[in-house]
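Undergrad: Could you build all of it, start to finish, from the sequences and the hints given here?
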Amino acid sequence: MVTCPGCALLCDDIEVVVENNRIKETRNTCRRGAARMKGCVNRLAPSVAQKPDDIENAIKKAAAILQNAKSPMLFGWSNSTCEAQLEGIQLAKKMSAIMDDTSSFCQGLLIERILQKKFRTCTLDDIRNKADVLVYWGSDAQDSQPRHLSRFSYFPRGELRQRGYEEDRIAIAIDVRESNTAKICKGHFYRIPPKGDREFILALMDALSGKVPAYEPKKMLELAAILKKAEFGAIFVGLGLTYSIKDDFDILIPLADKLPNFNIMPMVGHYNMRGFNEALFKETGFVNRVKFDGKAIHDSRYSIVEALRKSIDALLVVGSDPLSSLPRSVIPHLANIPVICIDPCVTLTSKIAAVTIPCAVSGVETGGSTVRMDGKRVELSKCIESNYLNDKEILARLMEAL
Amino acid sequence: MGIDVGKYLKSPEYEIKITTYRDIFQAEALECDRFGAEYMKHSACLVMSKNDMVKMGLKTGNRVKLANNYGSVVVEVRESKRDEPGGIAFMVNSPWSNALVSDETGGKGIPEFKNITARISLVKDEATTLESLMGSFRK
Ligand code: SF4
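Going down the list, the sequences are from chains A and B.
Sequence positions in the first sequence follow the working numbering and run 290 to 691.
Sequence positions in the second sequence follow the working numbering and run 2 to 140.
Treat the hints with care, as some may be off.
Just so you have them, the derived chain B footprint on chain A, three or more residues with Cβ under 8 Å [as the list claims (entries may be wrong)]:
1. 314-321
2. 432-445
3. 457-470
4. 530-536
5. 588-595
6. 609-620
7. 630-643
Simulated from the structure, these hints should not be mistaken for lab results.
We put the CB at the ideal spot given by N, CA and C, even for glycine.
TA: As C-alpha cells, this is what we get:
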C-alpha cells in the first residue's frame, strides 16, 4: 500500500502496478490521483536563460540570481514534502527573503484560525466513525477531494454509524452551484447567490437562536433544526465559502460557537499545503506571507499577489504554477523578474523561467512526510527509481551554493 | 418594457456574472498534460443555464468572447445539464477564467477568482489557446 499525493486527503490505501520502472496501473485512486501517480507527459529539463543546460549549472545560476536579488521571494510549497518545506524555510531565513505559499489565495485564512485554536476541529477518522450531520459549504468534494465522501464522510459505515448514509448520516450542501456533491445531498441543497454566504450565516445564527431569520425563514429554521439535532457534526469549509467571506472571515467563529457539536474541517486541495502552514506557524507564528528580516514580519504585502505587484525582484517557485493559477493581470509583473522554477513537469511558469530545475515526483519517485487536511501526518512512499533529485535535495544544494 | 436594441445588432453584447468551480476531468487532464487538447476542452468553456442561453441567442457549441477590464478570452458555450435558475454562468477554474480576474485585491492578497463580471458576445473566432494566453509574456 502506498499514499497518493493527488490531494490533501492523502489516501494511504493505494496499490500500484509497476512495469519497467513506470507506474502502469493504480488501484483505489480516483481519476485525479491516478493521473498524478502515472505522471505528466512533459517532464521538465534543466535550463538556463531558456536554453538546455545541466543541473549543476542550473543550480549555480539559480543561486546567483537569488544572491543578486535585493528582495527575493520563495513561493509554492504546497506540493512539496515537509522535509523540503523545512529546507525552504531555512533558505528564506538565510536570504532574508519573503516567503509565501498557495494558501495565501486559498485556505490560509481558515488554517491560520484552526492552528490558533479558534475553531473546534477533529480528524477525518473521527468523521468516519462518528459524524451524523455533514455540511459541505462552498465545497464540491466530489470533484476536488474525490474520495472524501466514500472514504471518510458520507458513505462509510463508521463505528457509531453502521447504517451509513442510508440511515445514519445526513449530508447538506450550501453552494452557488448544484455541484456533484450537492446532487448527492438530495433534499438538503441550499442554493445561495454569489457572495450570499454572509447573509446565510447571519440568518442561520438567528434561526439557531430561536429568532425568525430575515432570509428564507422556513428553510433556515428547517436547517437549524437538523443542525441542532446533530450528535457529531462537521462543516467542510470549501473555497467557495472562504472566498465569499474573506473580508469578514471571523463571522464564522460565532456560528461555530452556536454549534457546539460541530467541527470545522478545512477542505484543502494541494497535498501538503497544511504541512507548510504548520511548519511556518511553528517557526514564526504565521501560516504564510512573511518576510524574514532578523525576525519574521507578517503582512499582506508579502502575499504572492501583492508582492508581485510591488516589491520583489526575483522569484523562486517550488511545485506550483503561479502563471496558471493567478490572475492574468498580475503576470506581466512576474514576466519582468527572473523566475527560478523547480518542478517535475513543464508548467506555464517554467516556460518563462530564467532557470528551470527538474525534480522527482514526491510520492512516486521519492518519499517524504506530509500533513493531511485534518493535521494527521502521513508518509509518502517511493514507488519507482529515478535519477531526479528531490526538491529537498535541490534546495539543500542551492543553500550550499549561496 | 423598453425596446431590445441588442437584437438588431450583429452580435449583441450582454453583461454576465461568472463563478468558477472544479471539475475532476479537468483536474485529471491537468495532471497529465496542461498543454493538451483535453485540458483546453474542459477549461476554455462557459457553462450556462438554458434560460440565459435562450435570452442571449446562444447554442451549445457557439463560441463567445468574454471581456472585461482585465482581459478577454474566446471560449465555447455549453448548456448546463443541471437545473440552473440562470443569472450566473460557470467556468472551471483555469488560466482562461483567470484571464478575467483582477489582480486588485484591496491590499488583501486574495483575488476575486469566483466573482467575475464580463461582457459576452457571440463570435466566430476560435477559442483562445493557452499559447496565445501566454504569448505576450514570453521573454
Ligand atoms: S482523493 Fe485525493 S488522495 Fe485520494 S486518490 Fe484521489 S487525488 Fe489521491
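Undergrad: Just pull the numbers of the violated hints for me, sorted ascending.
TA: none
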